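Undergrad: If you want the building blocks of each chain, they are given just below.
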Amino acid sequence: MDIQTLANEIPVEGEYALEGVDFISSGEQYLTFSLGLEQYAVNILAVEEIRSWEQPTHIPNAPMFVKGVINMRGVIVPIIDLRLKFGIGEAKYDKTTVVVVLTAQHLTKSRTMGFVVDAVSDVLNAQENDIKPAPAFGGSLAQHYIEGIVNVAENVVTLLDVTALQTIEKQSDNY
Amino acid sequence: MSIDLSQFIPTFLEECFEGIELMEASLLNLEQGDEETINSIFRAAHSIKGGAGTFGFNHVTEFTHLVETLLDEMRDGRRNIAHKDIEILLDSVDCMRLLIEAIRDDCSYDDSKVIVTSQLLTATLNNNSIDENIVEDTTKDNENTSNAIADDNLTHWSISFIPEHHLVQTGNDPLLLLNALAELGKVSVTANCNSIPSLVDLDATELYISWQITLITAAKKEDIAEIFEWVEDDCQLVISNEESIDKKPAEINLDIANEADELITEKPTIEAKTKVKPNVTNDSSLQKPKAESGSIRVGVDKVDSLINLVGELVITQSMLSELGNDFELSKVARLNSGLEQLLQNTKELQESVMRIRMLPISFAFNRFPRLIHDLSKKMGKEIELLISGEQTELDKSVMEQISDPLVHLVRNAVDHGIEATDVRITNGKPEKGTVSLDAYHQGGSIVIEIKDDGGGIDSNVILAKAIENGLVDESTSLSESQVYDLLFEPGFSTAKTLSDISGRGVGMDVVKRNIQSLGGRIQIESTLGVGSTFKVFLPLTLAILDGQLVKVGREVYIIPLITIVESLQTQEALINRTSGDMVLYRLREDNVPVIPIYKLFNIPAQNKAIKNSLLVVVEADGQKVGLMVDDLLAQQQVVVKSLNENYQQVEGVSGATILGDGSVAMILDVPSMINMALKLAKKQQQNNIVAEEVIH
Amino acid sequence: MSKILVVDDSNSIRDMVSFTLKSSGYQTVEAQDGQDGLSKAQTGTFDLVITDVNMPNMDGITLCQELRKLASFQYTPILMLTTESSTDMKQRGKAAGATGWLVKPFNPDKLLATIKRVVR
Numbered sequence: 418m419d420i421q422t423l424a425n426e427i428p429v430e431g432e433y434a435l436e437g438v439d440f441i442s443s444g445e446q447y448l449t450f451s452l453g454l455e456q457y458a459v460n461i462l463a464v465e466e467i468r469s470w471e472q473p474t475h476i477p478n479a480p481m482f483v484k485g486v487i488n489m490r491g492v493i494v495p496i497i498d499l500r501l502k503f504g505i506g507e508a509k510y511d512k513t514t515v516v517v518v519l520t521a522q523h524l525t526k527s528r529t530m531g532f533v534v535d536a537v538s539d540v541l542n543a544q545e546n547d548i549k550p551a552p553a554f555g556g557s558l559a560q561h562y563i564e565g566i567v568n569v570a571e572n573v574v575t576l577l578d579v580t581a582l583q584t585i586e587k588q589s590d591n592y
Numbered sequence: 009m010s011i012d013l014s015q016f017i018p019t020f021l022e023e024c025f026e027g028i029e030l031m032e033a034s035l036l037n038l039e040q041g042d043e044e045t046i047n048s049i050f051r052a053a054h055s056i057k058g059g060a061g062t063f064g065f066n067h068v069t070e071f072t073h074l075v076e077t078l079l080d081e082m083r084d085g086r087r088n089i090a091h092k093d094i095e096i097l098l099d100s101v102d103c104m105r106l107l108i109e110a111i112r113d114d115c116s117y118d119d120s121k122v123i124v125t126s127q128l129l130t131a132t133l134n135n136n137s138i139d140e141n142i143v144e145d146t147t148k149d150n151e152n153t154s155n156a157i158a159d160d161n162l163t164h165w166s167i168s169f170i171p172e173h174h175l176v177q178t179g180n181d182p183l184l185l186l187n188a189l190a191e192l193g194k195v196s197v198t199a200n201c202n203s204i205p206s207l208v209d210l211d212a213t214e215l216y217i218s219w220q221i222t223l224i225t226a227a228k229k230e231d232i233a234e235i236f237e238w239v240e241d242d243c244q245l246v247i248s249n250e251e252s253i254d255k256k257p258a259e260i261n262l263d264i265a266n267e268a269d270e271l272i273t274e275k276p277t278i279e280a281k282t283k284v285k286p287n288v289t290n291d292s293s294l295q296k297p298k299a300e301s302g303s304i305r306v307g308v309d310k311v312d313s314l315i316n317l318v319g320e321l322v323i324t325q326s327m328l329s330e331l332g333n334d335f336e337l338s339k340v341a342r343l344n345s346g347l348e349q350l351l352q353n354t355k356e357l358q359e360s361v362m363r364i365r366m367l368p369i370s371f372a373f374n375r376f377p378r379l380i381h382d383l384s385k386k387m388g389k390e391i392e393l394l395i396s397g398e399q400t401e402l403d404k405s406v407m408e409q410i411s412d413p414l415v416h417l418v419r420n421a422v423d424h425g426i427e428a429t430d431v432r433i434t435n436g437k438p439e440k441g442t443v444s445l446d447a448y449h450q451g452g453s454i455v456i457e458i459k460d461d462g463g464g465i466d467s468n469v470i471l472a473k474a475i476e477n478g479l480v481d482e483s484t485s486l487s488e489s490q491v492y493d494l495l496f497e498p499g500f501s502t503a504k505t506l507s508d509i510s511g512r513g514v515g516m517d518v519v520k521r522n523i524q525s526l527g528g529r530i531q532i533e534s535t536l537g538v539g540s541t542f543k544v545f546l547p548l549t550l551a552i553l554d555g556q557l558v559k560v561g562r563e564v565y566i567i568p569l570i571t572i573v574e575s576l577q578t579q580e581a582l583i584n585r586t587s588g589d590m591v592l593y594r595l596r597e598d599n600v601p602v603i604p605i606y607k608l609f610n611i612p613a614q615n616k617a618i619k620n621s622l623l624v625v626v627e628a629d630g631q632k633v634g635l636m637v638d639d640l641l642a643q644q645q646v647v648v649k650s651l652n653e654n655y656q657q658v659e660g661v662s663g664a665t666i667l668g669d670g671s672v673a674m675i676l677d678v679p680s681m682i683n684m685a686l687k688l689a690k691k692q693q694q695n696n697i698v699a700e701e702v703i704h
Numbered sequence: 530m531s532k533i534l535v536v537d538d539s540n541s542i543r544d545m546v547s548f549t550l551k552s553s554g555y556q557t558v559e560a561q562d563g564q565d566g567l568s569k570a571q572t573g574t575f576d577l578v579i580t581d582v583n584m585p586n587m588d589g590i591t592l593c594q595e596l597r598k599l600a601s602f603q604y605t606p607i608l609m610l611t612t613e614s615s616t617d618m619k620q621r622g623k624a625a626g627a628t629g630w631l632v633k634p635f636n637p638d639k640l641l642a643t644i645k646r647v648v649r
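Chains as they are written, first to last, in my numbering: chain A, 418 to 592; chain B, 9 to 704; chain C, 530 to 649.
Hints may be right or wrong, so weigh each one.
Reference listing, derived: stretches of chain C covered by chain B, where coverage requires no fewer than 3 residues with Cβ under 8 Å from a Cβ of chain B [unchecked claim]:
| no. | stretch |
| --- | --- |
| 1 | 553 to 565 |
| 2 | 568 to 574 |
| 3 | 580 to 594 |
| 4 | 601 to 609 |
| 5 | 634 to 648 |
Only pairs whose alpha carbons sit at most 30 Å apart, straight line, appear in this in silico BS3-like list of lysine-lysine [stated by the list, open to error]:
| no. | chain 1 | residue 1 | chain 2 | residue 2 |
| --- | --- | --- | --- | --- |
| 6 | B | 607 | A | 502 |
| 7 | B | 691 | A | 502 |
| 8 | B | 649 | A | 526 |
| 9 | C | 623 | C | 598 |
| 10 | C | 639 | B | 228 |
| 11 | B | 607 | A | 509 |
| 12 | A | 502 | B | 404 |
| 13 | B | 616 | A | 509 |
| 14 | B | 355 | B | 404 |
| 15 | B | 404 | A | 526 |
Negatives, chain C to chain B, calculated, CB over 10 Å [to be verified]:
| no. | residue |
| --- | --- |
| 16 | 530 |
| 17 | 531 |
| 18 | 532 |
| 19 | 598 |
| 20 | 621 |
No lab work stands behind these hints, which were simulated from the structure alone.
These numbers come from a predicted model, not from an experiment.
Here a beta-carbon is modelled for each residue, glycine too, at the ideal position from N, C-alpha and C.
Please take these sequences and the hints and turn them into a complete structure.
TA: In structure tokens form, the structure reads like this:
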């Protein structure tokens, strides 16, 4: 399916969203996506756009998960492969690979970055009390990335903190 | 109704900075003393105080009030303009700047200086004119306050209002005054028309009516009096509480006595107040964020020229689209000329837009009179500052970043350049040292000169010091300019004793690095005994550069044209390998180290052999290197975009740009690449001294 | 609609005064000092003049004196914006023909309330 059609078809109101959650429109909305077999989500207000994968321009000596930068309407936007960053799934790039572009506030400035994920799934409507803290023995994922987890039917969706996702450790000297 | 005042605050802050700058500059000139100058300083302080009060920055008002009072006394001739007072005022200006900056950056500030200065101001004020202040304040307070007996319960007031005949000529309207009274409570008014003359004698501009008013209100006497405040001298006005008319005289005496008490107790509270200020922490000044100001003032002429150009662009566009409507091959010539016109328009438009970012360098030079004043005082050296070329225009962001390095260079000139006064006299030089600042355009760059008529730089001393610090070998022979360059080596300081002015850890190496990060360079000329000149060369703008596009693997990079010496294809005979991984290429008399970009950046490349490869020889810091690339593409102007905005600084790269096809290309940062190559080479030397890699 | 001339050398104060007045339905003309004020005053009739005292080129006191010399400003209310609440400044203002004064700092509400005393 064409990626833009997919993006357009993502429901913005709760009624079409995942079953098993009691929808009241006052809750926060999250865009869910998959990395390998796992489900993750970010606050929908941070989502700038969803793009199809294109080969970015390489950044010299960047960490492996930083794929490079692209031109998004005149703005230079770095592309991070979340699968590589989190070590989940297989980093392959084909026609269905998508880039979720997220904008978040860092102190006084806002920052925009694209994140490569396997597929965008749905919009999740979550009340504050649906969101549970992440278990201390989480998976491989560092705690500071995780805002909380939400149960959706039998599955668990991990909510990610966009600001933490966008923080890049100082580039190392290893070239 | 409520009006959001915050929208006016940026303008107010901008005005404050202008006022502060004016105060500072005028104070420095005031040493000769004249009325117009002191008046303008007073006016600036006065406006800041007024604005601060209006916008709710009471701590600024409080502090500025002290400054204003002192200035007022000077202005009125009540106080002589003493040297000591000017120093206090200069300190006060610094404090005001501190306070306003704290508001602008929404951060805390170091209040110790403010406290000390306001105490100094208070002390100075008390010293001379304590009596006058009290007299003045008493009169002031008498007008505004009154311990009226009225409580919150309704009171019956009886008001007799007999205006002078000329009252309306001042623009006051008795009807509106009565309306205002009516807003306070229930009013009943009796007009007395007895004094209206016959029509023959009547002057239409005079007022002949008087009023007797009763007012039932919860308002206090001062509220009522306030309504008549503007006319109290032009009428007979008696406001009396109907139950207490006969108590009146006693009441007034009581008031004065009370106020005297208040005045006596007031002093300690002022001092206490200055100590307890909101938002205040110590040591915070160090981490003060440096705000790049977000707005530019642009001359109308620049905007007009833009509008003109856009007009031309629109004409060209309509011409082209008309041409496109029914295009035939016969019209190719017209199409071509249209496109050429479009190219011309775009170019001019681009230049015009760039000019908007240009500001006269006086913005950076303005802080130097004060700096020199302070420095010469501290060092006990008499110094004259000459400024020229202050109208030379420079890109705003370059200006903001060059300011600090310039300060360092000027300090240096005063500290190390200009000799002590007795030395100057012995050497037959004028007692007063001269530091001059100049700015001018040269080719595509702007040159800023910092010149002193001091002792000059002794290259022998520098060389000795460099050898002592192990920076150079005793056997090396260096040219004069190479010796001067040693000054910019990290950790080098020629000051024999550390002085308070320079030599505080921030060295010339930082100055050089700052200048280089702007794409500029610095050069020293010096004659022993006559003086030194530091020349800073800067690009006019950071937003656009001329670049050579090169290809490595599938990546396109941009090499700034200004750094390129030449491009060539290597000849095997001229390739020399040295120990380690270093390859040198013989370029006439030079041996140029070869840096393969693919290796430095860890990317795949088509061609890894140095033999017959393409080298772009670039130069930075007097060091030539050959960048090995796969292919040379076009030369073009590119718009520089920052990687910092959404990512971070990347070593070896100064920014990125968007090419004609919409793809992104990295702009190479040559000095930083040389640095990387050096580090890489060192690392490899350490890691494997033994294995010399085979180069295909 | 009443038309008011606002004279102040401070952009922020002038903007604030003018904005406040406009949002209450007054029409305003702005001038940046006494000189400017005087020449703008001659471009029409005004129902009120609000002027700062301390200004470059021509101060508010002089402006007031000059305005009173003009036939069309003989009876026009003139208010002084001043931080100097001392009697001296008020007397000088009155002597120059000012109608009244407004002591800085003031807020928009106070400004509007005060203006009601001289403008219908």
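Undergrad: For every hint, state whether the structure bears it out.
TA: Going down the list of hints, with the structure as the test:
no. : hint          : result
1   : 553 to 565    : violated (count 1)
2   : 568 to 574    : violated (count 0)
3   : 580 to 594    : holds (count 3)
4   : 601 to 609    : holds (count 5)
5   : 634 to 648    : holds (count 10)
6   : B:607 - A:502 : holds, 24 Å
7   : B:691 - A:502 : holds, 28 Å
8   : B:649 - A:526 : holds, 16 Å
9   : C:623 - C:598 : holds, 15 Å
10  : C:639 - B:228 : holds, 18 Å
11  : B:607 - A:509 : holds, 25 Å
12  : A:502 - B:404 : violated, 39 Å
13  : B:616 - A:509 : holds, 28 Å
14  : B:355 - B:404 : holds, 21 Å
15  : B:404 - A:526 : holds, 20 Å
16  : 530           : holds, 17 Å
17  : 531           : holds, 12 Å
18  : 532           : holds, 15 Å
19  : 598           : holds, 13 Å
20  : 621           : holds, 13 Å
Hints 1, 2 and 12, counting from the list given before, are not met by this structure.
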